Every structure is written in C-alpha cells, then in structure tokens.
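Chains as they are written, first to last, in the UniProt record's numbering: chain R, 1 to 439; chain A, 1 to 439; chain V, 1 to 439; chain E, 1 to 439.
Simulated from the structure, these hints should not be mistaken for lab results. Just so it is clear, the structure is predicted and the values come from calculations on it, not from any experiment. The reader is advised that the hints may include incorrect statements.
Which copy is meant is left open, because identical chains are indistinguishable; a pair holds if it fits in one copy or across any two.
To be verified - In silico lysine-lysine, BS3-like type, Cα no more than 27 Å apart, as pairs:
1) K399 / K283
2) K210 / K12
3) K113 / K12
4) K121 / K7
5) K409 / K262
6) K398 / K210
7) K210 / K409
8) K210 / K159
9) K121 / K262
10) K399 / K12
11) K409 / K422
12) K7 / K210
13) K159 / K422
14) K422 / K283
15) K12 / K409
16) K154 / K210
17) K262 / K154
18) K422 / K210
19) K262 / K283
Given next are the chains, with one letter for each unit.
Protein chains: 4
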Amino acid sequence: MTRPDGKLNEEKVFKDPVHRYIHVRDELIWDLIGTREFQRLRRIRQLGTTFMTFHGAEHTRFNHSLGVYEIMRRMIVNLEEEDTWDPDERLVCLAAALLHDVGHGPFSHSFEKVFHMDHEKWTREIITGDTEVNAVLQRMGADFPEKVADVIAKTYDNKLIVSLISSQIDADRMDYLLRDAFYTGVSYGQFDMERILRVMRANEDQAVFKHSGMHAVEDYIMSRYQMYWQVYFHPVTRSAEVILSKILHRARELMAEGYTFKTEPDRLLSIFSESPALHDYLKLDESVVMFYFQEWEEEEDPILSDLCRRFMHRRLFKYVECDPSEQMLIWPELQQLFRTIGVDPDYYLVIDSSSDLPYDFYRPGEKDERLPIHLLMPDGELRELSRESDVVEAISGKKRTDHKLYFPKDILLDESSFPEEKQRIRALLMKQEGEYDAT
Amino acid sequence: MTRPDGKLNEEKVFKDPVHRYIHVRDELIWDLIGTREFQRLRRIRQLGTTFMTFHGAEHTRFNHSLGVYEIMRRMIVNLEEEDTWDPDERLVCLAAALLHDVGHGPFSHSFEKVFHMDHEKWTREIITGDTEVNAVLQRMGADFPEKVADVIAKTYDNKLIVSLISSQIDADRMDYLLRDAFYTGVSYGQFDMERILRVMRANEDQAVFKHSGMHAVEDYIMSRYQMYWQVYFHPVTRSAEVILSKILHRARELMAEGYTFKTEPDRLLSIFSESPALHDYLKLDESVVMFYFQEWEEEEDPILSDLCRRFMHRRLFKYVECDPSEQMLIWPELQQLFRTIGVDPDYYLVIDSSSDLPYDFYRPGEKDERLPIHLLMPDGELRELSRESDVVEAISGKKRTDHKLYFPKDILLDESSFPEEKQRIRALLMKQEGEYDAT
Amino acid sequence: MTRPDGKLNEEKVFKDPVHRYIHVRDELIWDLIGTREFQRLRRIRQLGTTFMTFHGAEHTRFNHSLGVYEIMRRMIVNLEEEDTWDPDERLVCLAAALLHDVGHGPFSHSFEKVFHMDHEKWTREIITGDTEVNAVLQRMGADFPEKVADVIAKTYDNKLIVSLISSQIDADRMDYLLRDAFYTGVSYGQFDMERILRVMRANEDQAVFKHSGMHAVEDYIMSRYQMYWQVYFHPVTRSAEVILSKILHRARELMAEGYTFKTEPDRLLSIFSESPALHDYLKLDESVVMFYFQEWEEEEDPILSDLCRRFMHRRLFKYVECDPSEQMLIWPELQQLFRTIGVDPDYYLVIDSSSDLPYDFYRPGEKDERLPIHLLMPDGELRELSRESDVVEAISGKKRTDHKLYFPKDILLDESSFPEEKQRIRALLMKQEGEYDAT
Amino acid sequence: MTRPDGKLNEEKVFKDPVHRYIHVRDELIWDLIGTREFQRLRRIRQLGTTFMTFHGAEHTRFNHSLGVYEIMRRMIVNLEEEDTWDPDERLVCLAAALLHDVGHGPFSHSFEKVFHMDHEKWTREIITGDTEVNAVLQRMGADFPEKVADVIAKTYDNKLIVSLISSQIDADRMDYLLRDAFYTGVSYGQFDMERILRVMRANEDQAVFKHSGMHAVEDYIMSRYQMYWQVYFHPVTRSAEVILSKILHRARELMAEGYTFKTEPDRLLSIFSESPALHDYLKLDESVVMFYFQEWEEEEDPILSDLCRRFMHRRLFKYVECDPSEQMLIWPELQQLFRTIGVDPDYYLVIDSSSDLPYDFYRPGEKDERLPIHLLMPDGELRELSRESDVVEAISGKKRTDHKLYFPKDILLDESSFPEEKQRIRALLMKQEGEYDAT
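Given these sequences and hints, build the entire structure.
Below you can see the structure in the form of structure tokens.
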C-alpha cells in the first residue's frame, strides 16, 4: 500500500465542509487517523454543551483535529518555500497538529474543573504511553513520540514550530473559529485564512505576518473576540454547563457518602475516586456520560435525578446578570430563602463567571504571558500588532469578565408552596432573564 | 408569556446554518419543541452511520425536524395568499412538519430491519399516547392530536396538506437534501428552494408548480438523485451499517440462547424480546446503543466483541461489487472456505443491496405508487413533470440497484493461518476494493 | 524584477470572487496581462446583453480569461504528477488559456452574425500579428506565438493540451459556468470543480476522468444544461440581442444607402464597409458601441432612433412561443398587418431560435463532431460517459430548439390608431408573454 | 396589469446575487425602475475605478439601488409590526431608497471634485424636474416628488425615515458593504444583516437597536472600517483616480486655451464650460467618458494623450507613502527635477489623501456632526454604541488619514535621458512601491 518514502500510493482525501478537502499523503498520518484513540474523538463534541444553544454544533473533536492538521499542511507548503525551513520537521508538525487534542475527554471543561484533571497531561500519556498512537509514531524513530509531545507541550526546541500550533494565531485557533462558526451558523467567525497563510513568514522563534496582511490578521482577532461573546460564553450554554458540573459534584458526593446507585456508574468509578488509569480514561466518551445521566433520572436522590432530567430534557436554569460585590449583600438572605423553600442553594444557586482576554501583548514576568503577534514591516523590522492596529490596541490586554447567577426559575414560579418566600426571591433576582435561543 | 391568540409575546428564533433562522411565533410550536420526546431527537443522528464516511454528518433529527417546520412555515406564508387556503389548517401543518420524525429511534434503518419495527407507528403513538407531546397538542382541542397523526400517516382528508409533507417534493425532502449536503460538505444537494416555494401553487389535492419554475424542480430531482448515490448509499456507510445490523443479530441470538452478558443490556431488553412499551422505546437513543457496544467489546463471545470493536474503532468491512446471479455460483464455495478458516459467513460475508427510484410517475394499481409532480401550464392545464423534462424522463421509473459484497479483508490478508484458503477467497472476491474516504 | 528562470521575484495574486485568488508566478503571464490587447477585454462583457436580464452580469472577458488561466494552472499542478506530462508545454498551455478569448469584440454574438466576422480569426491575428501580445510571446522563442495560436485553433500536435482548453469539459467551460452563475446569482452553474480536477488523468490525446468521479462530471453536464436554458438562452436576453442586431442591420443599410448621420460612426466604419484592419478592430469595445447607440437616439431615421432608444432604456420587445411550421401559415398576414399599421416587419417582427446540444458522443463523419468525455474504469479501460450515466445518456445527442417571435407589444396596445388591425395582430400573436425579470 | 390598490397583479422579482431575490409588489416601484433616468444607472459603476484593482467590481449603481430598495422593503416589513409605524410612509421610503443615487454621474468622485458638481443636487433635480421619474412619482400626488426628495436630502419631517436611508447604519451602507464585498471577492464586508434588521426598533427620530444585537452592529462597524482601508481607499484604485482627475483637468485647460481637439467632446461640453442643463447631464455615462478617453489617446497634446493611454491600458502611477510635512522639504527640489526631465509636475507628481472616520458619536455644534447609533437597553433606556462597545469606542471619532505621492515610475526608470536627475528623484521618492494587485 505504501512506498519507501512513507507516502501513500494514492493521496487520500476527506470531504470537509470547512476546508473542502483534507488531503493525506503520508502513511504516518493515515495510520494515526485509524488508531482507536483518535477514532474515539468522534464521540466527543468540539463544543461541549453548546449544542443546547446552537443546534448545529454537534461537530466533534475528530472533525476539528483533521482541520488543524489540514491548516498545518497548508502552512508547511508555504513555509517550504523559505530557505530557513527544515524539511525534517514536517512530520513532527503534522502529527502534533493532528494529535494536539487527543487527550480530551467528554465535556472536558466541566470534568476538568470538577475532577481537577488536565487534558494536556492525557494527551502526553496517549502519545508516549502504551497506545496504538504511540506504536504508529514509534515507526518514525524511538524519540519521535517525545518530539510530538514536546511540540504540543510547547517545550520543543524549535519555537517557530511551537508557534504554528499554539500561539495567539495558530492552526488550532484558525480551525476552530472557522469550524465553530460554520456549524453554529453564525457569521462572526469568518476571516480570510488563505490571505493569512499567504502573508505568514518564518521568523527565528515565531511565525510573523507581512505588514500588507495586517487587516486580515485584525479581522481574525475580531472574529475571535466576537466568537467568544456570541458563542463560547453564551449564557444558555453556560447554564447547561452549570447543571452538568452540579451533576458531577452530586454524584461524587453521593459516592463519598456510600449512597447505593440503582445503576452503579462503573465506567466513571476510576474518575470519581482517584487518579484514573489511561486505559480507563480512554473508555470515557460522551455516550457513556449521557447513558449514566439518563439512568440517573430514576435515582432516588432527588437532586441527582432532578439535575439529570434537566440536562437530558433541556430544562435549564435561567439567569440574571450579577455584580459580585452587590450580590454579596443579598447572598446570605438568598441562600436562606432557598433553604426555606426546600431547595439546596449549593446546587441551585450558582454564580458562573466567564472572562476573555482577546489579545495580549507581551508583559514579561506575568503569569500566563502570551507571545504577541508580530508584523514584518517592509524594512524588515518586526512590530507588535497592537502598535499598528487601533482596533487591536483597543481590546489588547483588557480582560472582560461577565458574571451571571443561575437558578431554576420554574420552581420559583410555582406558587403552590411558599408563595411569599418565592416572591421575595424573585424580587431579589429578577431584573432580566435569559432566553431559550441563541440570538 | 403568551397571548390569547396563541402567539408568543416575542418571536423566538433559532440560528440555523441551513435556513439562517428558524422563526417560532406560536406557543404551540414552542412548547412542542420543549417536550422531552422532541428533545430526545437531539440524541439521534439524522444520517445514522454516515458520520463514518463524512465526518461532518453528526447532525441530528432535532436539527432536521426544526428545518422541516421552517420550510412548512414559509410554504404557508405563500399559500396564505391564495384564496383556497384554509387558515385553520395552519397549526396542524406546522405541528405535523415538526413531529413527522418524532418516532425515530437510534440508527433506525438497521434497528427497523432487524427488529421489524416501524418508526411511523411510534410517531403515531407519541402523538396520540401518554406523552408530553400529546398533552401540548391536546390544548388545541381533543381531536387535534389525531389530525396531526393523520397528516403524517397520509390519511388526512385534505390531501393538499398531506402532499406538503410527504410527496415527491415536500418540506421533508427539501430540508434533508439541503441539510445533509451542508453537513457532509458535498455540493450535490443544492437547489434553489426559494424559487420552488415561489412557484408552488395549491391545487385541489396536491401542491403543483408553475411551469416557469420547471428547471428549479428539475434541479431538485437531480440533487436527490445525486445525493442518493453520492451520500446515502455510500459503500463505506453501508459497511458500517452491515456491521451494526450484525451486532444486533448476534446480540439477539445470544440472548435467545441464554448467553450471560457481562453487561446485561437492560435498556435494550424490551426491544430484543417482544413488542416494547412506548415508555421503554423512548429511552432508546444513540448514546445508549454506543454505550452497550463499547461494553460489549469485552464480551466473551468472539463474534459480538469483534463486531463491536470494528464498529467503535471503525475497522469496517471492505467490499467488492457483486452481481447476485454470478455470485450464486461461487457462493457455496465461498461460504465453505470461510467456515474452513474459522470465520462465520453468516456474520462476515454479507451482500447489501441499495436501490433508488429517483422519480416516479403515476402507475395506477401498482404497489407503492407515488403521486407524480405536476406542472401548472400557462393555460391552466396540469402536466406531469417527466413529460416536459427530458432529464427527469430519463430517470423516471427506472429503479437502479447496486449490490455489494462485504467482508473483513484484514482477516484474509493475515497469512499466518490458512494461507491457501485465504488466497483462494481473495481470488474469488477481489476485483475492486472500497476506500476509507468519501470521494 | 524577474529571475533567469522566468519567475517573478514574488508571486502576484488577483482577488477573484470565483476562485478566491488567481496566482501568477511567471513573468510571461504577468506581462501578457499588462498588454493593451488584454486590458481591452475589460471593456467587453462576458455575457453580452445578459445584464439586461440579470443585473449582476456585468462581468467582463478580462475577468473570465484570468479564471480560465487559473483553472489551467491548477490542472497543470495535477498533471505534473503524472510521468507523461511534458514540462515544456506548461507555458504554452497557460498562455493559450489566458488568451483564448482575446479576439472577442463587443457583443460578439450579434456583431459576428451581422457582419460575418469570426473572433477566432481575430484571436490568431492578435497572437501572431503586430501587437504587444505578440511581442511578449516572442520572448519565449520565435515559434512560441504560433504554438499558442495552434492550441487555441485546436490544430496543435499535442491533442491532450488542446482538450484541456477546448473539449466538452475544459478550463474554459468550467470557468464560465461557475463565473456566470456567480455574477447572475443563479444556483444552477455550481459543481465540484476541485473534485473534477482531482480525478482528471492525462490520456494520450485527451484528458479523461477516473470512474469514481463520474457523478461530479454528471453534475457538471447538468449544470451546463441548466445554465443554457436558464441563463444563456433567456428570452429577455435574446430580446435585447434581437434589437441590437436590428440596430446594426439598420445602420449598415443606411450607410449603404448614403444616409447622412448626425454623428458619423467613424469607429465603426471599417467594420461596416469591409474587412477591418486589426488596428481598427482593436479600437472597438462596448463603450464605443454604447456611445454611438446613445447618439443615434437622436438620428432622423425613425427606425434607427427608435431601436436605439429601446436598447438604451430597455424598452425591449415582448415575445410569444412560436412553432415555425404553424407560424408560416399566419406569416404573410402578419407581415401585411404590420405594414398596414406603419411598422416595418423586417425590423419589428423577428423570429429568434436557440438550440443547444448539451452533450454529444462521437458520431464519426458528422460535421461539428465533438470529442466525447471518457471515463477511466478501474481496469484501465476507457468508457464513453453516456454509456455509464443514465442522466447524461438522456440528454446526449439530443438537440433541443426553441423558437420565439419577438415584437414591440407597446405599439400594438396603443389603440389611438389602427385599433382593428392591432386587435387582429394581437389575436394572432398573444398566447403568452415574456416578462421583465429573470424568474 | 395593476390593481386599484397600486399593487401589481403578480409580484415581480429580480435575481440578485447579494439578496437572492429583490421583490417588487408596487406598480410605482416597477415603473420607476423602468424610467430612462433609472436605467441610465446601468452605465455607471458603483465603485468607479476600483475595477482596475479588483477585476470583479464591475457592478453598477442600478444594481446597488435595487439592493437598497430591497433592504428598505425588509426593514418596513419589520417596522410595520410596531404600533408607531405610519403606513402612509411606506411608498415614500421605498421610492427614496430606490432613487437615492439617481443623480450620480460617471466616475462621480473625480468629476465632482474637478467640476465642483454635486450629485445630490442632480438627484433632487431628477426627482422634481421634467423627467420620467418625476412623471411616475406625480401619480401618487403632486407633493409626492418633493417628499421623496426631502427624505434623500435629510430635510424630511419624519427623522426616523431619514435615518433608515442616511445615518451611520442605514439601508444604503448595508447594501454597499455587502455588495462591494461580494463583487470584489473580499471577505471583509460580511455581517449579519438579517440579525440587524431583527433587532432594529423605531424610536422617535431614529432607528435604534436592541442591546442583544450589539455584537452584530459592532461587526457591521468593523466591516465598514475594513472595507474602507482594504477596498475603497486601495492605493491602486486611487492611482487610477488620480490619472482620471488629471485627464479632466487637462481637457478643461486645453478647452480654456482654445485647443482644437481632433475629436471634439460634444457630450462633455456643457460640463466643461458652465453649469450643465439636466438634459445634458443625463446623457453622461461611463461609456461616453471611455469613448472620449480612447479617442484622446490620439490627440496631439502629449499630456492628454499620455494620460488617456495610461488610463485605458492601465499603466498607472506608482506611489510612495508620504508624510506631508516631510514632503514639503523636498517638494521644491522634486518639482524642479521633474521640470528638468521634461515632465510637468502638475500632472505627474500628485499627492492624494484619504481619510475615514469609521464611527462618530455626537459632538454637538461641530460641522458634519453625525447622528450616533443608539442601543435600546433592556430597561428601555437608550445608550450610545461606543459606551457599550470597547471595539467601537476604540475607533470612534478617530479620523485616520493616509497620504500617498503618485508618479510615473516607468519614466524614471528609463535611463536613456537625464539619468542623473532621475536617479536623484528615485532617491528622494522610493522607499516603498505600490503593487498591481489587491493583496
């Protein structure tokens, strides 16, 4: 099937709605796609609970990973025209692009928060541990898996390559903005990727962009900004995530208490109890989670079953905007009132905060410093993007945070019990309400 | 929240990548969407196993059902301009469009074939039985659920309305062609729906189309034809479906034999044994199926575990074209050879046939007769489409059937055992092989 | 600016709405684009009078020529992977693709019919005569211009290359279908060009297509078929063309009669009188034609001025379908009636016929035989497209002709004179009327 | 053909690539489109000389005017749902939207600058003077034309209606951003118009936007900003405009000097000499201008003929960035050097400045004050956009100006004469050069 140079006899393609076609020429890539660990990404949605807000957003990490690979492939075609490009790095780059998300689990965001896990650690384990992925990578040399893992971990020597896959403008971000916009149906995520790839140049330790393409880069930054607030932090999505987290909390608590489940969550046990083995982790996917949640609708614990029903049938919490400092004043009274009407505020009165730093210039010494984007001026000088672009400057380094208070409005409207308390709660809370849909 | 006329105080919209926005004005529709039976459609893919061929095709029946509703809504806006339109039918139409697929289960195609079930029967039960959907419909009058069910069953008196939702050119087909093309990324399914809606006119018992729009209708028929062969009958998709069916067969057989499962498939029991109760049926979704398949990878029965691993990790059967009459000659030898090498031909040597009748004119008296599409000529006369269109005539009434023989090529290539028999099998089979991808 | 290998120091690109970017690497191509003969194509619309029907169709032959070049460039990238490709042919192909339409004049269709000219002859003259285009081509060798001209004339030795630019599926047709669909806004012309290019293979004397891509080719043929009847032969476009031809006829007749024009059409003289010199021909463009037509609105000759006003202000003729054999019966009476009411039937009663042969298989010995499209079967055999495709077979070799009778309906409705005769004419003519718009 | 209510018997539609269909129901609109003054807009490009940079930008003001009408039509459908909407304003709005650009002449930008004309004055004259447009408008009442003209002039009483057609976010701007992006092929001009229309609400004297739609409005402002710098102020377009202006200057100067033209520009006379009559103005279009420019290629005056050849064959001036204050220092020397080498600096050494104020908040008392965009907050309060949006705030009220110095680089490179002076000029000028293309 393949040739001594590692190329497939015939190019394989995948039809992709975002990039039209995804082209595979290398046996290595083809075989990585066929591994069980990579195929598992088909069962993990790219956008977690977003599908509850935007019904088109059912696309998976399998989908996205192929897209990141394809962008990297096109980047390399361009970079190969520069003298400084080292052709030996090609397969490392492509494999890292393909595998950068392979460690993600189901609904990663919530699971990681509740169980203090880290998908990046799992990614490294899958690449370097006892897996089909590792076996395929080994064929390129004993140190090849480590190289790939290092690129993803940003510890690889060649920083240019690291920047292609994780920087403020990289193959990963470009794919997800385009892809998430496509599947949700919003127009915000569109930008001219072809133009950005055309003006990209290799610099010592980072990809930079010819000044003549500044507006395309600006447009990309603005897309990112818009997608965060229009899609990724959509309050309905966050409501579903609040409920999901509370289900996980409750299940863990019940387990700790020795509660007897009607359906014992065997598949989740390792996660709930201790540091799970890779083998067990790889068996987790969103089907498994959804299966248990559906089962738990019939558990006796009223909190667990109620939350699961809410999640499965999309009976989400409503929300009000909240200013944490103000909120503190009414917080004790609110919690007390919730308890009075028989609703546990630990599960049913939740503040969720989202914040975004749309673009950051370099602030040495700070935690989480991010490498800024550099423009290549006609005279060969590099200049940091926000110095050239008013628009980017406007949003640079400005962290915007949004706080919302989530709660089950349906319960508060049921006046068959505690009508006065509920009225008081409503008075405290309801200035403004969320909506079902995404617009 | 709502007004006496049944309208919501403010229109709700869903962002939809295919129709841009889906508009909901009626409380009835809004509340139907919120029922648990309708929300369940989020967990059932529109295209079954197609996602294994086209990785974008993860969209659900929830998604499609909203789309059919939206097309119906737009149709009615146009029809309301005609004198003959009865405004009382509006909500019946909209509800029927929304609910026409509500009875679908997971991977319907395979489940229905193996268990002789019928999603249309379930649709009627959900609409008329003890469900949240029924409770919402009842609000419009005691006979309203029956009306909606009759439209879907095509037994409703007003045949015009039936034709809007099930005929050779209806809201259902228009949505799925556009939607499936969008999510798979192929270009075949595109046609000018806006034009078709514009030239649609109400006739006594059927929607007809102004002659000036004939080419848009032609284009729709051709899209349909192309989608069938490029997407719906794609050989890789069918390979996944063959394996899925064989898993179900095997599980049923084992159950009949009294085999003890490590993981007893409680959720599937009702289906496996007898006519399931509605309550049990509604708990089935694709998460449940995927959960069991993943569990069964570790069953002791080698056939069940092997097939499940193949399905979960996409190690599909390969195929060769086959001519059934020729095949019959080598069939006994092939089966015998499979047995010799220890591979059960009942599970591993499968002929799958697909056939499509892209457009049919009226052949009275025949079974499955389909109402033809009529053009409204400038002089007011009606003329059957294939009489006006060469292209449609070319494909009218011609059933095209395609037979493929599926088998596990990987086993045949492993020469560590039975090398001669396997070589003989390969000689009998392999003229041409399928490919991983969709192009 | 350029390097010894004839490459530009930096790739140039044009932003193109159809192909996104048009890439130019070769100095030869860059300089050809800059010649005055090629720049002149900016002043000649791709679709003649179609802009009167589809207001978006203002795109020019400059636009299309770049597109054909770009498709050819992409074809060659693919063909270069085949052993049989001769790299020396590359620039001949690209130049021929770019220049294939360079001899077109304003509203070619009408001018060629009325003045018996031939744009292909002009194309050859521009390439081989005393022009900037020729000077640029000469740089590649003294025989280079002839080679390019031969490819366009289909007399080039390498028939494979001829087929890339003129056959039933070539760079020219692919570009215009996509481009004309884009600018008119219709959906009919879309097909998956990327797929077609992917499955294209070089055969001895023709490009052929892998069988696995048959449906993409089918789709292309259907697009072509639809575009002909929906766009290219649109009756309103033909009405404008009928008037345009009649203006040219009238002007030539007046000139022959020695009529004194208020504005003497100096720029048109050479065309009107005899075989024009290349130098004069190159000064013709649509601005010149439109300028004279506007001037002639004020000529004393009532026919010329009326027809020019109709063309400039879009007061087109209406039409009825006509069956030539039936028409013959009423023709003498109609003509007589027109004369009676003072309207010259030679200018105001015009039959226009359009016919299309959407796909043709090979019929040796016939005039205008067209090379059929061949599929490359898995076993290496070639098979003619219509033998594999029902749909293509249905429309193969079938010439469809449409006849329409055009006339000034406005005059017939003015009942201030000859009311009876006009009524009689109307009775003879009006079964059905054309419409302003394109739907 | 029409009914007493002024509606057409059947809706007419135009196929439009941007809005898909343009719907016409009112006889008034239909007849306005058919007037010769409106049809004349087919011969005036929407984007002047931009087609020299972006070859797709051949679209006309006819095209755009229909688009503005269609957006207004959709706006009104939405506004009609509000109680405050006065249905009598409907036709005034639609007519004003359709006719808002009817006074534009060929290459308006340059002509207006050189001849101190004002297309808005012409628009008013066409609407209220002796024209077909006026005759059609009169049918709606004697004061109807004045009303329409007042809306366009922003002097109409109902300021809400004025704001729909001229404000910082109006039907005109929304159409041109979408349309110009479509025809040029750039991605910058895209935004979600449907969403903006959905969140638009009528306020007393202005349309305002629900706060929930802020991001769509932000996106629109950013599109506008990007289109200005990427398309409208593209340096190559401005080079063509510089040459065009200089041709007009030269022709006027020659005329003033009594120069005898080989081709006397009869059609331009009125414009060149004095305030032209409406009748003469309406005969101007881009065909006429291009005709004369082509003729003038052969005039004896070397400046006029050279500039015309440059314009017709796209031999444009190159440019360098310039800082006016710095420039002043070298200006006298540069001019002197140009004169020495025999090149008139008045025609061949041109500074062109473009500036854009992407969004402005209200600064009472200032000239050119622009009505700011207001958001409608959930509590009913209005808030100015830039107070809510960081991004808009960043670019608010900031005028950005760009200065470029244009000159014929080709002459400076010809070293057959004055090599030293040319070398000195190049040293003074060339830091950076423009490019042919748009990327």
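**Report entry** Intra- versus inter-subunit Cα pairing at 27 Å for K398 with K210
**Finding:** both (25 Å within a copy, 25 Å between copies)
Query - Within, between, both or neither: K409, K422 at alpha-carbon 27 Å - result: within (10 Å within a copy, 66 Å between copies)
Query raised in the report: Given a CA cutoff of 27 Å, do K262 and K154 count as a within-copy pair, a between-copy pair, both, or neither?
Result: neither (45 Å within a copy, 43 Å between copies)
Report task. Give the relationship of K399 and K12 under a CA distance limit of 27 Å: within one copy only, between copies only, both, or neither. Result -> Result: close neither inside a copy nor across copies, 43 Å intra and 32 Å inter.
Query raised in the report: Quick one: K7 to K210, C-alpha cut-off 27 Å, is that within a copy, between copies, both, or neither?
Result: Only across copies: K7 and K210 sit 21 Å apart there, 33 Å inside one copy, limit 27 Å.
Query - Alpha-carbon proximity context of K210 and K409, limit 27 Å - result: Cα proximity of K210 and K409: across copies only (24 Å, versus 52 Å in one copy).
Query - Homo-oligomer pair classification [K283, K422; C-alpha up to 27 Å] - result: Neither, since 44 Å and 34 Å both go past 27 Å.
Query - Intra- versus inter-subunit Cα pairing at 27 Å for K399 with K283 - result: neither (37 Å within a copy, 44 Å between copies)
Query raised in the report: For K422 vs K210, is the C-alpha pair at or below 27 Å within one copy, between two copies, both, or neither?
Result: neither (60 Å within a copy, 30 Å between copies)
Requested in this report: Go through the copies and call it for K121 and K7: within, between, both or neither, with a Cα cutoff of 27 Å.
Outcome: neither (31 Å within a copy, 48 Å between copies)
**Report entry** K159 and K422: within-copy, between-copy, both or neither at 27 Å Cα
**Finding:** Neither: 58 Å inside a chain and 46 Å across chains, both beyond 27 Å.
Query - K154 and K210: within-copy, between-copy, both or neither at 27 Å Cα - result: within (24 Å within a copy, 43 Å between copies)
The structure fails to meet hints 1, 3, 4, 5, 9, 10, 13, 14, 17 and 18 from the earlier list, while all remaining hints are met.
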